[in-house]
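Could you put together the complete structure from these sequences and hints?
So the sequences go chain by chain: A and B. Heads up: the first sequence begins at 1 in our numbering, then just goes up one per residue. Heads up: the second sequence begins at 228 in our numbering, then just goes up one per residue.
It is worth saying that the hints were derived from the structure and are not from the lab. From the three backbone atoms N, C-alpha and C, an ideal C-beta is built for every residue, glycine too. Among these hints, one or two may not hold up.
Said to hold, decoys possible - Listed next, with one range per pair, are the computed distances between beta-carbon atoms:
hint, chain 1, residue 1, chain 2, residue 2, range
1, B, E274, A, H157, 16 to 22 angstroms
2, A, A121, B, L296, 47 to 53 angstroms
3, A, L69, B, P341, 57 to 63 angstroms
Stated by the list, open to error - In the SDA-like style, the derived pairs of lysine to any residue whose C-alpha atoms are separated by at most 25 angstroms in a straight line are:
hint, chain 1, residue 1, chain 2, residue 2
4, B, K281, A, V214
5, B, K289, A, N209
6, B, K388, A, K140
7, B, K289, A, S143
8, A, K62, B, H240
9, B, K371, A, K161
10, B, K288, A, H212
11, B, K289, A, E148
12, A, K32, A, H157
13, A, K62, B, K289
14, B, K345, A, S189
15, A, K54, A, E7
16, A, K39, B, S444
17, A, K54, B, K388
18, A, K54, B, E287
19, A, K108, B, N391
20, B, K289, A, Q71
21, A, K61, B, V440
22, A, K62, B, E368
23, A, K61, B, K374
24, B, K335, A, S175
25, B, K367, B, G381
26, A, K161, B, D403
27, B, K335, A, Q173
28, A, K161, B, K266
29, B, K288, A, H157
30, B, K367, A, E60
31, B, K281, A, L77
32, A, K140, A, L77
33, B, K289, A, M79
34, B, K281, A, N209
35, B, K288, A, K32
36, B, K367, B, M249
37, A, K161, A, E148
Protein chains: 2
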Amino acid sequence: MRSTFEEQLNNLHLRFSEMGMMASEAIMKSVKAYVNHDKALAREVIENDRFINKREVDLEKKSFEMIALQQPVTSDLRMVVTVLKASSDLERMGDHAVSIAQETIRVKGEVRIPEIEKDIADMGDLSTGIVEDSLEAYLKEDSKMAKEVADQDGNIHIEGKQINDACISAMQQSSDNVLSGSSYMLVESYLERVSDYATNICEWVVYLNTGHVVELSQKHVADEDEE
Amino acid sequence: MRSTFEEQLNNLHLRFSEMGMMASEAIMKSVKAYVNHDKALAREVIENDRFINKREVDLEKKSFEMIALQQPVTSDLRMVVTVLKASSDLERMGDHAVSIAQETIRVKGEVRIPEIEKDIADMGDLSTGIVEDSLEAYLKEDSKMAKEVADQDGNIHIEGKQINDACISAMQQSSDNVLSGSSYMLVESYLERVSDYATNICEWVVYLNTGHVVELSQKHVADEDEE
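Written out as structure tokens, the structure is:
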């Protein structure tokens, strides 16, 4: 028996949320692998990324079919379009988890800086938290929560700046710190990007509710004075 | 008089291509600003990013209307969905141009390493070239060209690795090189990402022609041995 459109839509939502959890788990694991120098876990993240990619393709196909066969309008169409667009954000999160996992493998046996690794771990928790909260706002279709989650993005960038500054100092102090310090800076930049994608998810939650595309991300333009 | 669906579709294509050119120009200018230490140009890139973001929103709205009002199927729907999805890739390119522009402003008056800046400029040319070629493949709906363009992505990653290695050496040689060296590494990572987005555009071209979602990106998994 052919399922109703409503059933299909619920299923689409569910599968999107699952994809979100896969992406969130990938980030969590990649940071864990990175700070624990756990190459086996890093390889697992890289290996499992194909499931996230596959899920995006599945969601694209399913959304396409639903639009083509059922021709939904207004709020139903909006839900399908949201899944179609926001699944890209989740897929990119997975890509960044892979990049962090690759750094785990690349930077092996180097001098480590435990204080900065602690900060990276904290920033990883912060990023994963924002991703999970953005998915919760999506599941609840809660615009207010989505806006609050997006506001946390500022904390990520403050944390990120502190990590960058600490890396620069450490590398200037000793050339032994250059390999690990430059790696921390890259991982920090990936985590900032992950948080940006979570903010995009929040923007989609608002769109889902209101039909309006909003800009929740805070632009972090360097505010130095002109020369 | 209401325009025909075909006219609307052509218009959508055109506006997507224009968005691609805006993104491509932003990357070109951001790299130019970065290597010429041109903060005014960097600010222009940051300022103009809102036009790229606005264009994505416009394309989303237009695509949504076309689906809701005209209920296209098969290849027509595929074209609209492609614009809906691929416009995210162009928007992200713009974001990375902004990140490069922000680095131009952040790293001011530091010791520079001309040889590496030359390599960054070359890599910028390579990335912008790939972006432009991917857009040409899109306009021509040429799957063969799209696959060839995606193949060039490997060169970007080779070039990127060389830049990274040069930065690490320079920073290890002298602490005076730490600020600029770490900045070059970040800019290099942004350019690699831009090239990944261009590869995504190529994948969309193949989808447009065949209805099949393909994976053209080469995964650059670190290939070090297990410990």
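So, going through the hints one by one against the coordinates:
1. Separated by about 20 angstroms at the C-beta atoms, E274(B) and H157(A) satisfy the suggested range of 16 to 22 angstroms.
2. Checked against the hint of 47 to 53 angstroms, the C-beta distance between A121(A) and L296(B) comes to roughly 50 angstroms, which is consistent with it.
3. The hint said 57 to 63 angstroms for the Cβ distance between L69(A) and P341(B), and at roughly 59 angstroms that hint holds.
4. Restraint check for K281(B) and V214(A): the C-alpha separation of about 11 angstroms stays at or below 25 angstroms, so the hint holds.
5. For the proposed pair K289(B) and N209(A), the alpha carbon gap of about 19 angstroms is at most 25 angstroms, so the pair holds.
6. As the CA atoms of K388(B) and K140(A) are separated by approximately 43 angstroms, the hinted pair breaks the 25 angstroms bound.
7. Taking the CA atoms of K289(B) and S143(A), the gap is about 24 angstroms. The hint holds against a cut of 25 angstroms.
8. The hinted pair formed by K62(A) and H240(B) meets the criterion: a straight-line CA distance of about 24 angstroms does not exceed 25 angstroms.
9. A threshold of 25 angstroms between alpha carbons decides the hint, and for K371(B) with K161(A) the separation of about 43 angstroms lies outside it, so the pair is violated.
10. The straight-line distance between the Cα atoms of K288(B) and H212(A) is roughly 10 angstroms, inside the 25 angstroms bound, and the hint therefore holds.
11. Restraint check for K289(B) and E148(A): the C-alpha separation of about 29 angstroms exceeds 25 angstroms, so the hint is violated.
12. Using a Cα cut-off of 25 angstroms, the hinted pair K32(A) and H157(A) holds, with the two alpha carbons roughly 20 angstroms apart.
13. Of the pairs offered as hints, the one joining K62(A) and K289(B) holds, with about 22 angstroms between alpha carbons and a cut-off of 25 angstroms not exceeded.
14. As the CA atoms of K345(B) and S189(A) are separated by approximately 23 angstroms, the hinted pair is consistent with the 25 angstroms bound.
15. The hinted pair formed by K54(A) and E7(A) meets the criterion: a straight-line CA distance of about 22 angstroms does not exceed 25 angstroms.
16. Under the criterion of a C-alpha separation no larger than 25 angstroms, the hint pairing K39(A) with S444(B) is consistent with the structure, at around 23 angstroms.
17. For the hint linking K54(A) to K388(B), the alpha-carbon distance of about 28 angstroms lies beyond 25 angstroms, and the restraint is violated.
18. With a C-alpha separation of about 24 angstroms, the suggested pairing of K54(A) with E287(B) holds against the 25 angstroms cut-off.
19. Of the pairs offered as hints, the one joining K108(A) and N391(B) holds, with about 16 angstroms between alpha carbons and a cut-off of 25 angstroms not exceeded.
20. Restraint check for K289(B) and Q71(A): satisfied, since their Cα atoms lie roughly 16 angstroms apart, inside the 25 angstroms limit.
21. About 9 angstroms separates the Cα atoms of K61(A) and V440(B), which keeps this hinted pair within 25 angstroms; it holds.
22. The hinted pair formed by K62(A) and E368(B) meets the criterion: a straight-line CA distance of about 24 angstroms does not exceed 25 angstroms.
23. Only pairs whose Cα atoms come within 25 angstroms are accepted, and K61(A) paired with K374(B) is accepted, the gap being roughly 22 angstroms.
24. Between the alpha carbons of K335(B) and S175(A) the distance comes to roughly 22 angstroms, so the proposed pair stays at or under 25 angstroms and holds.
25. Restraint check: the Cα-Cα separation between K367(B) and G381(B) comes to about 23 angstroms, which is no more than 25 angstroms; the hinted pair holds.
26. Distance restraint check for K161(A) and D403(B): the Cα-Cα separation of roughly 20 angstroms lies within the 25 angstroms cut-off, and the hinted pair is therefore satisfied.
27. With a C-alpha separation of about 21 angstroms, the suggested pair K335(B) and Q173(A) falls inside the 25 angstroms cut-off, and the hint holds.
28. For the given pair, K161(A) sits about 21 angstroms from K266(B) by alpha-carbon distance, which is consistent with the 25 angstroms threshold.
29. A C-alpha spacing of about 31 angstroms is found between K288(B) and H157(A), which places the hinted pair above 25 angstroms, so the restraint is violated.
30. Of the supplied pair hints, the one linking K367(B) and E60(A) holds, its CA atoms being roughly 24 angstroms apart against a limit of 25 angstroms.
31. For a cut-off of 25 angstroms, the pair hint linking K281(B) to L77(A) stands: about 21 angstroms separates their Cα positions.
32. A C-alpha spacing of about 18 angstroms is found between K140(A) and L77(A), which places the hinted pair at or below 25 angstroms, so the restraint holds.
33. Between K289(B) and M79(A), the direct Cα distance comes to roughly 16 angstroms. Compliance with the 25 angstroms bound is thereby established for this hinted pair.
34. The hinted pair formed by K281(B) and N209(A) meets the criterion: a straight-line CA distance of about 20 angstroms does not exceed 25 angstroms.
35. Between the alpha carbons of K288(B) and K32(A) the distance comes to roughly 40 angstroms, so the proposed pair goes past 25 angstroms and is violated.
36. About 19 angstroms separates the Cα atoms of K367(B) and M249(B), which keeps this hinted pair within 25 angstroms; it holds.
37. For the hint linking K161(A) to E148(A), the alpha-carbon distance of about 22 angstroms falls within 25 angstroms, and the restraint holds.
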